[in-house]
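Asks: Given next are the chains, with one letter for each unit.
There are 2 protein chains.
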Amino acid sequence: ARPKVGYYYTGKNAFNMLVEEISRIKVRDVQSVPVVVPTNTSAYDVIVTMFLEDVGTVYVVEQGGILAGVVSRKDLLKIAMGSGDLHKVPVKVIMTPMTKIIVTTADESVLEAAKKIIDNEVDSLPVVRPLAADKTYEVVGRLTKTNITRLFVELGEGKRR
Amino acid sequence: ARPKVGYYYTGKNAFNMLVEEISRIKVRDVQSVPVVVPTNTSAYDVIVTMFLEDVGTVYVVEQGGILAGVVSRKDLLKIAMGSGDLHKVPVKVIMTPMTKIIVTTADESVLEAAKKIIDNEVDSLPVVRPLAADKTYEVVGRLTKTNITRLFVELGEGKRR
Numbered sequence: 001a002r003p004k005v006g007y008y009y010t011g012k013n014a015f016n017m018l019v020e021e022i023s024r025i026k027v028r029d030v031q032s033v034p035v036v037v038p039t040n041t042s043a044y045d046v047i048v049t050m051f052l053e054d055v056g057t058v059y060v061v062e063q064g065g066i067l068a069g070v071v072s073r074k075d076l077l078k079i080a081m082g083s084g085d086l087h088k089v090p091v092k093v094i095m096t097p098m099t100k101i102i103v104t105t106a107d108e109s110v111l112e113a114a115k116k117i118i119d120n121e122v123d124s125l126p127v128v129r130p131l132a133a134d135k136t137y138e139v140v141g142r143l144t145k146t147n148i149t150r151l152f153v154e155l156g157e158g159k160r161r
Numbered sequence: 001a002r003p004k005v006g007y008y009y010t011g012k013n014a015f016n017m018l019v020e021e022i023s024r025i026k027v028r029d030v031q032s033v034p035v036v037v038p039t040n041t042s043a044y045d046v047i048v049t050m051f052l053e054d055v056g057t058v059y060v061v062e063q064g065g066i067l068a069g070v071v072s073r074k075d076l077l078k079i080a081m082g083s084g085d086l087h088k089v090p091v092k093v094i095m096t097p098m099t100k101i102i103v104t105t106a107d108e109s110v111l112e113a114a115k116k117i118i119d120n121e122v123d124s125l126p127v128v129r130p131l132a133a134d135k136t137y138e139v140v141g142r143l144t145k146t147n148i149t150r151l152f153v154e155l156g157e158g159k160r161r
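Chains as they are written, first to last, in my numbering: chain C, 1 to 161; chain Y, 1 to 161.
Keep in mind that the hints were calculated from the coordinates and are not lab data.
Honestly, I wouldn't trust all of these hints.
Since copy identity is lost for identical chains, a pair holds within one copy or between any two.
Below, a list of computed lysine-lysine pairs in the DSS-like style, where the Cα atoms sit at most 27 Å apart [what the hints assert, rightly or not]:
no., residue 1, residue 2
1, Lys78, Lys26
2, Lys135, Lys116
3, Lys135, Lys159
4, Lys116, Lys74
5, Lys116, Lys26
6, Lys116, Lys92
7, Lys100, Lys159
Just need the whole structure built from these sequences, with the hints factored in.
Replies: Structure follows, in structure tokens:
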């Protein structure tokens, strides 16, 4: 029988509550705006874009915002160490192609997306909207470890309800 | 009066519990091993170290592991775009010097450290042990957004008690 007070024990402990609380936060609640460049951009111009926008990852898109690849600071640092002219290296050559890209969607839980980031050892995930059955995606956002760190701070400060 | 059941309401809700739970996790519980190079290392060799160790930040240390500076992929990408010989650029020239470095300690809460990462827009914090009153630090660890993302996943999966 329930005790006759305003509150009663529900069988949940702090950990269950923590898990529930975290699980209901969606990617759309914390994602950032994506920074994109066309497929014909040079490695040099991608680096310039990265510094201007202050991001660590840039998405390479075809006409209509269709995701074609991902370029990270790591990819660019590798190519910058070589002897080639960065103005002449097309981003297509150095980007991670679609076949190897892990994606998320705005509806996915941040927890599931964060697991993908950790399991696949990537810095961020493109937030995509599937356009067809053949794995064609429009890129609509960017989920980074910065977004998740900020969320952690907000949860810890009791600012997110 | 307390109801005569095994449990009673303590005035805490899920959010208070969440905040408490997160606040008691210390930097030492999640930190990584630091990757360090001596102050006389070339920019080229720092990049090689970064790839070999697969880290985004390297700490520059004087004799005895005294922290002298921090170098990020961003710093190195900037210098790699220039026309200079990376073998001849000393890391001392491109590192962020101690006067501008934000640090944490193993005893600090991850929440406080995560706030520093967000507020100062850095990728990671060196975990230090103060050696003297004049702001000399030994570097003992590395707290990154990856550590915090992994912690978030563990909290969300109920794996951390």
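Asks: Indicate, hint by hint, whether the structure satisfies it.
Replies: Against the structure, the hints come out as follows:
| no. | hint | in the structure |
| --- | --- | --- |
| 1 | Lys78 <-> Lys26 | neither (34 Å within a copy, 35 Å between copies) |
| 2 | Lys135 <-> Lys116 | within (18 Å within a copy, 39 Å between copies) |
| 3 | Lys135 <-> Lys159 | neither (37 Å within a copy, 34 Å between copies) |
| 4 | Lys116 <-> Lys74 | both (19 Å within a copy, 24 Å between copies) |
| 5 | Lys116 <-> Lys26 | both (14 Å within a copy, 24 Å between copies) |
| 6 | Lys116 <-> Lys92 | within (24 Å within a copy, 36 Å between copies) |
| 7 | Lys100 <-> Lys159 | neither (36 Å within a copy, 29 Å between copies) |
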